[in-house]
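Number of protein chains: 2
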Amino acid sequence: MTKPYHVVGIGNAIVDVLAHADEAFLDTHGVQKGIMQLIDMERAVHLYGQIGPAQEISGGSAANTIAGIAHLGGRTAYVGKVKDDQLGRIFAHDLRAQGAEYDTIPAPKGAEGETGRCIVLVTPDGERSMNTYLGVTEHLTPADIDERLMAGAAWIYLEGYRFDGPESHEAFSKAIGAAKSTGGRVSLTLSDPFCVERHRAAFRKMIRDDVDLLFANRAEILSMYETEDFDEALSRAAAEIDIIACTDSENGAHILAEGQRWHAPAIPTQIVDATGAGDLFAGAFLWGLTAGHDLETCGRMGCVAASEIISHIGARAEADLGALFRQHGLI
Amino acid sequence: MTKPYHVVGIGNAIVDVLAHADEAFLDTHGVQKGIMQLIDMERAVHLYGQIGPAQEISGGSAANTIAGIAHLGGRTAYVGKVKDDQLGRIFAHDLRAQGAEYDTIPAPKGAEGETGRCIVLVTPDGERSMNTYLGVTEHLTPADIDERLMAGAAWIYLEGYRFDGPESHEAFSKAIGAAKSTGGRVSLTLSDPFCVERHRAAFRKMIRDDVDLLFANRAEILSMYETEDFDEALSRAAAEIDIIACTDSENGAHILAEGQRWHAPAIPTQIVDATGAGDLFAGAFLWGLTAGHDLETCGRMGCVAASEIISHIGARAEADLGALFRQHGLI
Chain A
1 MTKPYHVVGI GNAIVDVLAH ADEAFLDTHG VQKGIMQLID MERAVHLYGQ
51 IGPAQEISGG SAANTIAGIA HLGGRTAYVG KVKDDQLGRI FAHDLRAQGA
101 EYDTIPAPKG AEGETGRCIV LVTPDGERSM NTYLGVTEHL TPADIDERLM
151 AGAAWIYLEG YRFDGPESHE AFSKAIGAAK STGGRVSLTL SDPFCVERHR
201 AAFRKMIRDD VDLLFANRAE ILSMYETEDF DEALSRAAAE IDIIACTDSE
251 NGAHILAEGQ RWHAPAIPTQ IVDATGAGDL FAGAFLWGLT AGHDLETCGR
301 MGCVAASEII SHIGARAEAD LGALFRQHGL I
Chain B
1 MTKPYHVVGI GNAIVDVLAH ADEAFLDTHG VQKGIMQLID MERAVHLYGQ
51 IGPAQEISGG SAANTIAGIA HLGGRTAYVG KVKDDQLGRI FAHDLRAQGA
101 EYDTIPAPKG AEGETGRCIV LVTPDGERSM NTYLGVTEHL TPADIDERLM
151 AGAAWIYLEG YRFDGPESHE AFSKAIGAAK STGGRVSLTL SDPFCVERHR
201 AAFRKMIRDD VDLLFANRAE ILSMYETEDF DEALSRAAAE IDIIACTDSE
251 NGAHILAEGQ RWHAPAIPTQ IVDATGAGDL FAGAFLWGLT AGHDLETCGR
301 MGCVAASEII SHIGARAEAD LGALFRQHGL I
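Just so you know, the protein sequences line up as chains A and B, in that order. Residue 1 is where the first sequence starts when you use our numbering, and the numbers rise one by one after that. Residue 1 is where the second sequence starts when you use our numbering, and the numbers rise one by one after that.
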């Protein structure tokens, strides 16, 4: 039986506020380069007051992934909490306009907090440093998880960042249970090395018990397995998970499954803004997988999609990814 | 005595919602190509529901001009009405972050309407078709005009679009009176040929009585003087206004003053999004003028700035305009 959804994603619903900044700005304002830091509303307001002119583009890690799969023609849905405010409507519009289903009930106008946003500071080298005010997206509860939706997914895709926030583990458990009850498979992204640091035990347990496909980058998988030996981390992951897709920046991606290992080369491009590279790698990989491509090809699709995303501001595809796959002989 | 501001602008405070669309989409949804159409909230919600993923970038014609002057180091202030909502805060941030003063009191949370926005549909040829929901920005009244601000300006810059909306003429009159009382000069942009159509008599009167510098493009000045002869339109304008700066797309710009006429060539570039080309032409021209450059150089600066703006999405400068002026030997 064909399931109604190729991939259903769960994550933090975030609008990105993208601005350019130099290294001195990061130092002066205590922004750690290249990672995601959680900030409260007060810090968000302060930091926003310091940055230059910005542009607003819908983001959210898993939402970027789901948008990428929808862009490629995959059947997708997304679960994540916005508020019934202007930024929330922008987030919902951009996801639906890309062809993804999105029906999570927004927090009402009167609720505390606002739609989550991420002040993304892009340095001249194209690296992004993320400052996330979670707002209402922190409060995604098991009640927001529609079991029929999860049961209808060939794959669910879980965002590691969602380990932050109350009731997030319960929400994930409910989603995993429903998905597995109909033979659905579970993919997880580790999201960020410091996120792994905060929740290593919970990540470990989920990986051991439930995860069929793990997305990570070098820093994240090293943090996960508390080693500085990349090959060791990959081997240990491969011993407990069916499929590993691990990116390594300009060195491309490593895919491990069934005792084999493949390498997908990175596509050289001028890095304008690295925001979303990992998200779109995962989106293209999952699309390839659900479209029946072999794992090496999925990895190569991921690298092509990542190179498109880092060539412009924002974490949603601007070029036609399917056309790029054809150009690279992948479809 | 040096005045505190080089340029103070008055216009509609708008956040642009930029999306790509093809010609068929414009036809299907009754969007007229290449011009600005006013739409109500219902139409805005409907049209927004039909367009693809978008990005939000602060816009507003005069605000883009003022942001450009501030970007170049000019001392500027802006007057235009937003609401105390998320889009209003985005608009205010982006202008202040560029270095412009912006102190217009926002419409309160409870006010009818929202911060104005413009759904900008960019076709593959780079042309933009604008669908503007004015919202609260329509209601800028004489009370919002700070006479001390206007009196402190070497130039005020009036946006033709602001002829729409109740009390807009009274607000302009107050601003002009205050500016002229201290020897300030008045510049006006015609904004749009259909805007000229709606308010020709009022434009005529202001031009005859008050305007020292007129910005227009070919379609606007033809509409203004109800002729199809471009040279005739320019001559008639030159007979009643000190300085005319008239753009003509890929043919560059024509500057007329003191019985002379100069031509500034357009800078060839790949057109990604024409939004803001005229606004930044005006910004660069006014900056050049207040920095003491001759009119021909001001026109060439305008063309360089316009070429930068049309090379990317959005109507605010991304490259360093001063550096571009140096590259072109203008400063």
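Calculated from the structure, these hints are not laboratory results. Glycine included, each C-beta is placed from N, C-alpha and C at the ideal position. A portion of the hints provided could be inaccurate.
[Said to hold, decoys possible] Covered stretches of chain B, going by a simulated chain A footprint (3 or more residues, C-beta under 8 Å):
# : segment
1 : 49-59
2 : 80-89
[Said to hold, decoys possible] For the chain B half of the interface with chain A, some residues (derived, Cβ under 10 Å), not all of them:
# : residue
3 : V17
4 : K180
5 : S181
6 : T182
[To be verified] Beta-carbon label-pair distances, calculated as ranges:
#  : chain 1 : residue 1 : chain 2 : residue 2 : range
7  : B       : R326      : A       : S235      : 51 to 59 Å
8  : A       : D242      : B       : R326      : 56 to 64 Å
9  : B       : G126      : A       : D231      : 42 to 50 Å
10 : B       : E42       : A       : S235      : 28 to 36 Å
11 : A       : D125      : B       : R326      : 19 to 27 Å
12 : B       : G329      : A       : A111      : 38 to 46 Å
13 : A       : E232      : B       : H46       : 34 to 42 Å
14 : B       : H29       : A       : P4        : 23 to 31 Å
15 : A       : A24       : B       : D84       : 29 to 37 Å
Going through the hints against the structure:
no., hint, in the structure
1, 49-59, "holds (count 9)"
2, 80-89, "holds (count 3)"
3, V17, "8 Å, holds"
4, K180, "32 Å, violated"
5, S181, "33 Å, violated"
6, T182, "31 Å, violated"
7, B:R326 <-> A:S235: 51 to 59 Å, "55 Å, holds"
8, A:D242 <-> B:R326: 56 to 64 Å, "58 Å, holds"
9, B:G126 <-> A:D231: 42 to 50 Å, "49 Å, holds"
10, B:E42 <-> A:S235: 28 to 36 Å, "60 Å, violated"
11, A:D125 <-> B:R326: 19 to 27 Å, "24 Å, holds"
12, B:G329 <-> A:A111: 38 to 46 Å, "57 Å, violated"
13, A:E232 <-> B:H46: 34 to 42 Å, "57 Å, violated"
14, B:H29 <-> A:P4: 23 to 31 Å, "30 Å, holds"
15, A:A24 <-> B:D84: 29 to 37 Å, "33 Å, holds"
Violated hints, listed in ascending order, are 4, 5, 6, 10, 12, 13; each of the other numbered hints is respected by the structure.
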